[in-house]
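S.K.: The lines below spell out each chain.
Protein chains: 2
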Amino acid sequence: MLEKMFYPESVAVIGASADSRKLGHTVLKNIIDGGFKGRIYPINPKSGEILGLNAYQSILNVPDEIDLAVIIVPAKFVPGVMEDLGRKGVRAAIIITGGFREAGNEELENQVLEIAKKYGIRVVGPNCQGINNTHHQLCASWPLITLKGRIAIASQSGTVAAALADWSQDDGIGFSTFVSLGNKSDVDEVDIIEFFSEDENTAVIALYVEGVRDGRRFMDAAKMCRKPIVISKPGVTERGAKAVESHTKSMAGRDAVFEAACKQSGIIRAENLEELYDFAKAFAYLRPFKGERVLIVTSSGGAGILAIDVLESNGLRVFEADEELKAKLRDLVPAHAILDNPIDLTGDATAEMYLNVVKAAFDYADAFLLIFGDPIEGAADTVIETVKMADAAEKTVVVAFLGGAEVEKEEVAKMHSHGIPVFPTPERAARVLAALKRWGH
Amino acid sequence: MLEKMFYPESVAVIGASADSRKLGHTVLKNIIDGGFKGRIYPINPKSGEILGLNAYQSILNVPDEIDLAVIIVPAKFVPGVMEDLGRKGVRAAIIITGGFREAGNEELENQVLEIAKKYGIRVVGPNCQGINNTHHQLCASWPLITLKGRIAIASQSGTVAAALADWSQDDGIGFSTFVSLGNKSDVDEVDIIEFFSEDENTAVIALYVEGVRDGRRFMDAAKMCRKPIVISKPGVTERGAKAVESHTKSMAGRDAVFEAACKQSGIIRAENLEELYDFAKAFAYLRPFKGERVLIVTSSGGAGILAIDVLESNGLRVFEADEELKAKLRDLVPAHAILDNPIDLTGDATAEMYLNVVKAAFDYADAFLLIFGDPIEGAADTVIETVKMADAAEKTVVVAFLGGAEVEKEEVAKMHSHGIPVFPTPERAARVLAALKRWGH
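Quick mapping for you: the protein sequence lines, in order, are chains V and B.
Counting in numbering that gives the first Met the number 0, the first sequence runs from 0 upward without gaps.
Counting in numbering that gives the first Met the number 0, the second sequence runs from 0 upward without gaps.
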């Protein structure tokens, strides 16, 4: 049903502008520069030519079928535009324009919604930052982002969505689709879950929502979803819930109820934005963790212990290495290495040691947490090899690379380019492993 | 007493090497390249010339007084070196060499310690990454870092210390001194607290310790300390405490006892490494928050609400804007701005609006949490102005800049260069404000 929204063959930009300071210019330009392969029609009452394309005075004048309309005209003109869409047979609209419910103009938003219903037009927005489906090369949003990834990001807050998008760019892992839900007048979290459950380019759905419209439908959709769902939802405190109401007129609802709903329907809840991103990144590339036994291999004893506390607090088992295992490892590591769990290779760790230890201890553990606490050259190659081995045996590998020096940055970039997520601290990596465990159950 | 350790006028590098692959080369080179203003003496049995300096066969041959010796010779030679130091009258030594207690050689470490006691030599290490006092241009460590800052970092884990140092470099705020405590055979957390309490270049002490040797002395030192102390201490879980024992042979002790000790002595405990850094960064530049009322000004409603949940969960009061305040603000913000608290300027926010809102609402709040959720040009200038105003009235300003795009990076760098800490998410900024409040009490 939302196929034409996210995979249109033709797009009209209503409110396209030749003035480069205007949003109607930016969005049109991003659709063009993003390499959209379908037909693009700028609509502007002054007609003429915009960014090298012939502009039409009205969508009704376009001699072609239009799958998707992106609307960036002042709020008061939106109902008229929607009527035009209806008559033209357009069935998907993104209303970027603000000035509706969020600004006290609930009536105007209802009017738009009624027209949408009358014609069967699905609406993203209003008051949103558009959508960007990297796999369809459709950047009906800003900034221009083209890197293809596996995470579908959908958010009631454009800024939160943009932050996740930024981080995914910095990491070089990208996203599949970015959806700014804005006022969520029509397309909501349930639609997103249902659509991206079937989207072949998406591996995980990352949601920021301030309220859920229909708890029952939401839970049903989540239960049916073939992809993991990670969610951040504020309004945990009374004061926060009240602010939610002011912000998006959503009802935050009782947090305990929402928490229980997540648990029942297999949704993983993130405690904060960084965690929302970490978990989405992990679930996009890793499998659920169904085992029990975690082995930590680290070049930093301290970093290993910080991870233990998080793992054990979350119910995971950092088993103690027995004499048999220690005997197997002794010749593979420096004499002063600590052969407990964590296996502490110390500052003398080499990339090769990590691989040797994982190989020797392979049958003892179901998951490996590899912590690189020093600029270890070749770390990426060793991790790539480890992951290959672990994948074949359905074991889990989570990697933390602590610090910001240049060697680290290169190795981390290499791992990301091979589809191996890397986390910046031992604690964040440990929380990821705990989340993979929750997902596995 | 540790003056000669951290502010020596002459340094001997024992185990200095002409071979650039050796640590004894790197450390000597870093002391030279770091711009150390005192006298430097390489000590190497082969004598000759190293890095342009005349090397001595033994420290006993140096025709000068030596304040500090940095030792990088194999473990078994360390007792002999210590005897030489004693006879030479050196009273401060950094033993970088590993292979002592952490490798099962407790006896050797005790032997070294006895010699130190006999001569009254203070020892940092063994098994450590050295020290770096940026203000004294003494980088007896690696990598070479020269950026001067206000945070004293001391850690039982070299990697943890290095991670904090890296982050401080990335942010361009630097540190005052970096101390890798290693096995902590002599100089420990209490010495660090006592020394840096009086160090004029240090504004805050950031500690990572796995165990505290003497709880009573530790609490007394913390209570007397003139600087805020932030601490991260693992071993919260039983399994974590056990790993601490294997790692540094420290006793983690019962976590509840440590937690209570921190509370009683005004130490702020961080939950994870990023928080240790965030809090240290905040305390280095901001004052304790003694008021009650927090006003959030944001360009992103969602980001504002995420902050509320954290603030309210931590006992801070995000008051609701009354009609009087709303009336004052109405003309200063876009028509569709939400004039509650958070004051949501929406995506149309400009840097000027933030300043105008803070000015108009100045008397209503004791702390301002400014959240920039979009690439807002001029944000830095507005924040610099806001901080100036707030400082004069002893109000607190905490800034979050969400996202990673280029505009953000420039503005954030500018704020940091003006001594204004910026945090990467609304939640982390809110936790910082809560920590400033705990510090204030």
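Simulated from the structure, these hints should not be mistaken for lab results.
It cannot be assumed that every hint is accurate.
[Stated by the list, open to error] DSS-like, lysine-lysine: derived pairs with alpha carbons at most 30 Å apart:
1) B:241 / V:358
2) B:408 / V:413
3) B:21 / V:147
4) B:327 / V:408
5) B:325 / V:75
6) B:21 / V:408
7) B:28 / V:241
8) B:28 / V:408
9) V:222 / V:21
10) B:75 / V:327
11) V:241 / B:327
12) B:413 / V:408
13) V:408 / B:147
14) B:358 / V:241
15) B:21 / V:413
16) V:289 / B:358
17) B:408 / V:75
18) V:327 / B:241
[What the hints assert, rightly or not] Stretch-level coverage of chain B by chain V, calculated; a stretch enters the list once three of its residues show a Cβ under 8 Å from a Cβ in chain V:
19) 148-161
20) 231-241
21) 270-278
22) 329-342
These numbers come from a predicted model, not from an experiment.
Ideal placement from N, C-alpha and C gives every residue a C-beta, glycine not left out.
S.K.: All hints are to be evaluated individually against the structure, with a verdict given for each.
M.R.: Hint by hint, here is what the structure shows:
1. B:241 / V:358: Distance ~25 Å between residue 241 (chain B) and residue 358 (chain V) Cα, so the pair holds.
2. B:408 / V:413: 23 Å, holds
3. B:21 / V:147: Distance ~44 Å between residue 21 (chain B) and residue 147 (chain V) Cα, so the pair is violated.
4. B:327 / V:408: Cα-Cα ~48 Å, so violated.
5. B:325 / V:75: 26 Å, holds
6. B:21 / V:408: 24 Å, holds
7. B:28 / V:241: 59 Å, violated
8. B:28 / V:408: 25 Å, holds
9. V:222 / V:21: 42 Å, violated
10. B:75 / V:327: Holds, at roughly 28 Å.
11. V:241 / B:327: Distance of about 22 Å is within 30 Å: holds.
12. B:413 / V:408: 23 Å, holds
13. V:408 / B:147: 24 Å, holds
14. B:358 / V:241: 25 Å, holds
15. B:21 / V:413: Holds, at about 28 Å.
16. V:289 / B:358: Answer violated: residue 289 (chain V) to residue 358 (chain B) is near 55 Å, above 30 Å.
17. B:408 / V:75: 37 Å, violated
18. V:327 / B:241: Roughly 22 Å separates the two Cα atoms, so the pair holds.
19. 148-161: holds (count 7)
20. 231-241: Result for this restraint: holds, n = 9.
21. 270-278: Since three or more residues must qualify, the claim that chain V covers the region 270-278 of chain B holds, with 3 doing so at under 8 Å.
22. 329-342: holds (count 6)
Checked against the numbered hints given earlier, this structure breaks hints 3, 4, 7, 9, 16 and 17; the rest are met.
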